[in-house]
Each structure stands twice: as C-alpha cells, then as structure tokens.
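Sequences and hints are given; from them, build the entire structure.
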Amino acid sequence: MTGIEERLRDALAARAESVRDDGRPRRLPAPRERSSGARWRAPLAVAAAILIVVAATVAVTRTVTSPAPAVRPTPATWAPPIEQVWPGTVHEIPAKGPGGAMFMPDVFVSDRVVVGRGYPKRQPDEIWSYDLDKRTFTRIAQLEKRSPPFSPTVFGDGHLAWSSIRGPMKEVWTVPVKGGVPRRIFSDRATVIRDNMVLGIRRMAIADGMVVWSPDEGGVHRAPLKGGKATLIDGTKGYSLVEWPWAGSPRNDNLADDFSWRPVEHLKNVLTGERRDVVPPSGRTSWTDCGVTWCFNGSEAWRRDGTGLRKLPGSTHGELGSGRFVRLLQAASGKQAIGMHDLATGRTGRLFQVSTRTTLHLRDGIAWFQTERDTLVLVDLSAIGR
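Letter by letter, the sequence shown follows residues 1 to 386 in my numbering.
Wrong hints could be hidden among the right ones.
To be verified - Simulated crosslink set (DSS-like; lysine-lysine; CA at most 25 Å straight-line):
| id | residue 1 | residue 2 |
| --- | --- | --- |
| 1 | K226 | K178 |
| 2 | K121 | K96 |
| 3 | K121 | K145 |
| 4 | K145 | K226 |
| 5 | K96 | K145 |
| 6 | K178 | K145 |
| 7 | K134 | K178 |
The hints are simulated quantities; they were obtained by calculation from the structure and are not laboratory data.
In structure tokens, the structure reads:
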C-alpha cells in the first residue's frame with residue numbers, strides 16, 4: 001500500500017466516523033469534467049468521491065437497519081421453597097415444650113428426633129428431645145441451675161455434650177441421649193477479659209469415645225466420655241477445632257482488641273498431621289469463612305484449593321454450617337427473602353420473607369427459625385445428601 005493509499009484509508013475511516021446519522025439517504029453529486037491540466041488533483045478528487053460514497057452508504061445502512069431492541073435485565077427471582085428443593089428435611093414443631101417453656105433445638109440425633117434446651121425463663125434448665133412422629137417432648141436431663149449451657153448441645157456415640165460457665169470455672173458436661181444425670185468431665189478456670197467478659201468453650205464434638213473441644217483461647221482438648229483426665233492434643237496450640245479431626249489457624253480471636261473474625265487459613269488433621277492451606281482464586285485476597293472444603297465471601301464461593309469459583313445467587317455473611325451451607329439473602333420485586341444455599345451442589349431453598357421478627361439460626365447439622373404461628377421450622381442439614 002502506497003503512502004497516498006494509506007492516507008486515503010485513514011481519511012475515509014475518520015470521515016465515516018464523523019458522519020451524523022439524521023435518517024435521510026444522501027444523493028451522490030454528478031461527476032464533473034476534469035481539465036487536462038488538472039491531473040495532479042486526481043487523487044484528491046477520487047478521495048472526495050469515495051468519501052461521499054462511504055458517507056452515503058453508512059447513512060443508508062443505518063437508516064434501513066432496524067435498531068436492536070433494548071436489552072432489559074431479567075428480574076431477579078427467589079429460589080423455590082426449601083421443602084421442594086430438599087423434600088423430607090423440613091419439619092415444623094411446637095415452639096414451646098413442657099410447662100410452656102421455649103424450646104431451642106440444637107441437633108438431630110436421628111432423622112426423626114431432635115434434641116435441644118428448654119428455656120422456662122431466660123436460662124435453660126432442662127434438655128429435651130422431640131419426636132417428629134409421636135409429636136411429643138421427652139425430658140433427657142435436668143441441668144445444674146448454676147451451670148447453664150454456654151454452647152449448643154452436640155451429639156455422638158450415644159451421648160450429648162455441652163459446655164457451661166459456673167462462677168470462675170468453664171466446664172464440659174455429658175449425658176446419655178437416652179436420659180440420665182449429667183456428668184461433668186472437665187473443669188478449669190475461665191479467662192476473664194475486659195468488661196468482665198468470660199472466655200468459654202464454644203466449638204465441640206464427640207468422636208471415638210471422646211469429647212473434643214476448643215476454648216476461646218485456642219488449642220484442641222479431649223476427654224473420655226467414660227471419665228478421665230482431659231488433655232491438650234499435641235501440636236494444636238494456636239489452633240481451634242473446625243470439624244473433627246480438623247483444626248484451623250488463625251482462630252476466632254476473642255482476645256483481640258477489635259473482636260474481629262479471622263477466617264481459617266491453615267488446616268491440620270490432628271490425627272494424621274496432614275495440612276491444607278487456603279489458596280484463594282486469582283484476584284481474591286479476603287474471604288468471610290473457610291471450612292475444610294469450601295470458602296466464601298459476600299457474593300462468591302470456591303473450594304479451599306482455589307478452584308470452582310462461582311457467583312452466589314444472592315448475598316451472604318456469617319459462618320458455614322456443616323462445612324457447606326450458608327445463609328443467603330435474595331431480592332425480587334422490591335422484597336427480600338432468606339434462603340439456605342448448599343455450596344457443594346449449588347442449590348438454594350427459600351425459607352422465609354425478610355421481617356424484623358424472624359431470625360435464622362444456622363448450626364452444624366441444623367437450621368431453624370420461629371414462625372409467627374409460634375412454631376419452629378427445622379431443616380435437617382445432616383439429611384441433605386446423605
């Protein structure tokens with residue numbers, strides 16, 4: 001291509017971009033005769049003629065082509081009701097048990113029986129079970145009045161376990177799920193920090209005939225269900241229980257001045273010593289929470305190794321339940337609803353429309369909320385996918 005041709009190409013492109021489309025076709029001018037002595041003006045004449053042709057072509061093309069319809073975003077929709085997404089996992093039970101005391105569910109001990117605490121006033125004084133088939137409550141144990149549960153009840157190996165604070169002491173208690181007298185298997189002085197805040201035991205599990213737990217100060221401890229000395233598991237100082245047998249670091253540091261949540265970056269299997277460090281996807285430098293397999297922030301989720309990044313169908317916050325479930329806020333038609341989202345399958349079930357009176361409680365194995373009819377809706381998370 002010659003220099004003149006290059007300049008001509010650039011001129012044509014620039015002129016075509018500057019043509020204003022008023023919707024009317026252009027008429028081409030009649031050709032004029034050239035004098036024999038005007039040969040040197042030929043390139044300019046050719047350029048002018050071509051410019052007019054290009055301009056007319058652009059104008060005609062824009063005129064006869066119908067404009068594309070405006071693309072409107074598809075209205076956001078809520079997920080289907082959770083009982084349609086996971087049939088058989090949603091149950092509605094009375095909110096009040098014996099004597100009119102409020103019932104706070106903690107754990108499913110089978111697919112038909114849920115266990116929780118009875119609150120006659122502001123503190124629980126009994127542990128109950130509720131049978132979904134018989135529609136009845138049964139008292140499992142009477143609690144020490146000076147030692148109300150500090151953490152939700154956990155279940156395993158035919159036993160229940162919970163922690164409590166009694167005076168200056170933090171304690172671990174157990175009882176057979178079939179009923180009996182609670183037994184204290186661990187007691188130690190609790191740490192008191194500013195504003196008289198007492199640090200206790202929040203994360204617990206029962207496995208292999210042992211109760212395992214992490215106090216707020218960190219470390220993974222264990223004690224036999226049948227009784228015996230509680231010990232700190234080797235190599236767990238600075239770690240906290242995530243999901244037995246996995247412990248994580250850094251822990252939720254309640255001793256920090258800002259009381260901030262620090263997501264688990266490093267995992268250690270306390271039985272085998274295997275380690276797994278979090279690997280965020282490209283461009284992600286922070287996240288809300290990480291379990292053994294899944295991590296998430298307010299709008300995305302991915303596997304701990306950084307793979308499987310995907311957008312969530314709503315916004316979320318808080319912690320993981322059972323290592324794979326998150327609360328999800330969805331908006332549609334100016335209203336909002338709370339749902340349960342499964343990171344493992346990508347499925348979401350709607351629970352209820354947002355109101356000031358309804359709160360979703362999410363724990364390992366169970367999610368629940370109270371309705372305006374004075375009943376509780378339970379979701380057996382342990383039954384999803386099993």
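Hint by hint, here is what the structure shows:
no.	hint	in the structure
1	K226 with K178	holds (16 Å)
2	K121 with K96	holds (12 Å)
3	K121 with K145	holds (12 Å)
4	K145 with K226	holds (23 Å)
5	K96 with K145	holds (20 Å)
6	K178 with K145	holds (21 Å)
7	K134 with K178	holds (16 Å)
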